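Q: Residues per chain, in single letters:
Protein chains: 2
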Amino acid sequence: MEMITVQEAENILFSELRDFGTEEISYEQALGRVLAENLLADRDLPPFDRPTVDGIAIDYDAYHKGVHSFSIKATQAAGDSPNAITDQTDCIEIMTGAALDQSVNTVIRYEDLSIENGIASIQNIEVKKGQNIHLKGKDKKQGDLLVKANQLITPAIIGVAASIGKIKLSVKKVPRVIIISTGDEMVDPSTDPTPFQLRRSNGITIKAALTKFGIHAELLHLNDNYEIIRQELKHCLNDYDVLLMSGGVSMGKFDYVPKVLEELGVQKLFHKIKQRPGKPFWFGKSPEQKLIFAFPGNPVSVFMCLHRYFVPWLEQSLQTNPSPQYAMLNNDIQFPYSLQYFAQVKLRINETGQLTAESIDTNGSGDFSHLPETDAFMELPLEQEVFRKGEMYRVWKYNL
Amino acid sequence: MEMITVQEAENILFSELRDFGTEEISYEQALGRVLAENLLADRDLPPFDRPTVDGIAIDYDAYHKGVHSFSIKATQAAGDSPNAITDQTDCIEIMTGAALDQSVNTVIRYEDLSIENGIASIQNIEVKKGQNIHLKGKDKKQGDLLVKANQLITPAIIGVAASIGKIKLSVKKVPRVIIISTGDEMVDPSTDPTPFQLRRSNGITIKAALTKFGIHAELLHLNDNYEIIRQELKHCLNDYDVLLMSGGVSMGKFDYVPKVLEELGVQKLFHKIKQRPGKPFWFGKSPEQKLIFAFPGNPVSVFMCLHRYFVPWLEQSLQTNPSPQYAMLNNDIQFPYSLQYFAQVKLRINETGQLTAESIDTNGSGDFSHLPETDAFMELPLEQEVFRKGEMYRVWKYNL
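Here the protein sequences come in this chain order: S and R. First residue of the first sequence? That's 1 in the UniProt record's numbering, and the numbers climb one at a time after it. First residue of the second sequence? That's 1 in the UniProt record's numbering, and the numbers climb one at a time after it.
For reference, chain S alone in the conformation it holds in the complex (with noise of 0.2 Å):
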């Protein structure tokens, strides 16, 4: 038993990235999918010098020079090819949006106006060269970067996309992923258990976790037969990128998984970290580079260790890096065990901003009655016992 430590564990798993490569897929289907392209602006922005008031438009020399009343020559829409004066008592009565013509460089809103006869009169205010102007290209420049590539696509960004014609995106691929459960006594949540059985609901809460990520895994559950668990994940590691298992890999008489594995020629890469829950996790690769997880199959082991492994090889494996999560503990919190331990906790940002993380009693990693109403694994280092209230540790957020 060469146990590792939890970085020991991320160190290998990070050498162990993958690239999927890229597709092209509607931008209005890419929502929570990682942009593979950086987007530019394909014109100024905005594209021509617009009001951003409704009103009329104005020569300002002929304001300065003292004309406080001018006759309305056409009427502007938004969209509209530009109107423009040729006599500097003239005005274009404009609207928020259009595109002001080089003859105008002024804009006066309604409420500063009196209309009466086709005349627009400036009441008593006082009237600023280029007010109530969004000078064309003050935003971006034509060609200038819009997004940045290797980040999630938030609403904003199909919006950017929309408005520069984007309608495909280059988005990276995400692994082909199937999610294996084993256990003979694991029942389909659909039919009823013998006293002795338990509802299956690992697989079903992977599958969940992962679509946030844009991928859909496949289910499957396989009971404790050496001979079929061998045929299937056979065919598992020549159809899919990532096999994510849980359960079979603890020192029970019927844990075949490392077995079956090393036997199909998956290389171990490590088996069992310090750390609870989740010790026997089990992590190797296979010739074709094909990745598999065997977590425990406990239910709090499994989310743990998709959250603490498989998510952040993703992210890395996708290139989005985001940043590490810190909360101050909130209660004091007693491990007497030489393993890192992670604790659920239930986050809150208080009226200072200050994220706290307040743990909650539970009765080991079989106990999954409180992750619904936990947010988030804080991870406590191997090294100490006590951890006081006030100290600040990483966490890493499952439902937020």
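Simulated from the structure, these hints should not be mistaken for laboratory data. A portion of the hints provided could be inaccurate.
It does not matter which identical chain is meant; a pair holds if it fits inside one copy or across any two.
[Stated by the list, open to error] Below, computed lysine to aspartate or glutamate pairings styled on EDC-like, alpha-carbon distance capped at 16 Å:
no., residue 1, residue 2
1, Lys136, Asp42
2, Lys253, Glu111
3, Lys346, Asp332
4, Lys389, Asp332
Note that this is a predicted model, so its numbers are computed, not measured.
Following the hints, put chain R in place on chain S, whose structure we already have.
A: Just chain R, lined up with the frame of chain S:
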């Protein structure tokens, strides 16, 4: 012009909450929806006394009397019916998750045993009565509350639902929403605009932002034609619960929206809020209690009004009631207008768990180029003109 404050606008909105009823859907489709029922334990959790390790199960009384080697009477996997011992010198070889018989009460893990010829001998360790057992009902009793109603359904909640066989979940129905953009100058993103046109982006941005609430909104664009707007809005008021509009609510000659809505019997509840961006926001209800959120047309105004008004209205209507979020301003801001200012900020949680907000300079509500790189609007009080680094204000997140 009777402009109201942000708080007055919120009060009016919150007096128009709606209940859209509930529906039953598959637990596999329920992610992100709001749970409309409590989830209760269908039996004790765990449902039986179960070993937390692989090893042997004994009667502690025998160990106490000095017996340290036990004859393996049977091997019991998880899911099997429990095996009993009748002789205190016997044991059951047993796997994690199996159901313990009443005749055994203590479990010793493989790591602390040597097994030879069907005899398991305890190594030099201290055995405690009842060790390595997760007792029936320790986590929850049958009928106990596992998940409270009125919260967003997370992967963990889906896992709990699976474990209790709740393959159908009662969830809150969401409103039927249509998103209507207006403006002759706005063309489809797939087409090339003339120099004086722009591509539409507001509708698709709103639609993308609503997907996380399980709302699949329709999109409609209307040109500035009074009669067409009247006819189409009439249909929309009939077919949808909520109309989210952008554009057509300012002072412009072609801003028909408020007039058409009032002609269709829609009661104006407010028009214009003392805020930047988003001042001309118009809100009303039809005789059939349908709600119309008519936002100004600028992309930043739309985005702000969506997250500051529509989303909180939706969350209140669905009763999820999330906590307000505050952040510490990380730079000084001056805003010398008597409007409530919503600053675009980048949020960061530093290593002390402090949420900070860095504002960025923008060129007004037509400049949407910074939305992808920022995370929230920070709401700065109407009464002040100067906001200092280190002060706390409320934030409305959009990209996290």
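Q: For each hint, tell me whether it holds in the structure or not.
A: Hints versus structure:
1. Lys136 x Asp42: Close inside one copy (13 Å), not across copies (65 Å); limit 16 Å.
2. Lys253 x Glu111: between (83 Å within a copy, 13 Å between copies)
3. Lys346 x Asp332: The answer is within: 14 Å in one copy meets 16 Å, while 32 Å across copies does not.
4. Lys389 x Asp332: Classified as within; 5 Å inside a copy, 32 Å across copies.
Violation of the numbered hints given earlier is absent; every hint is satisfied by the structure.
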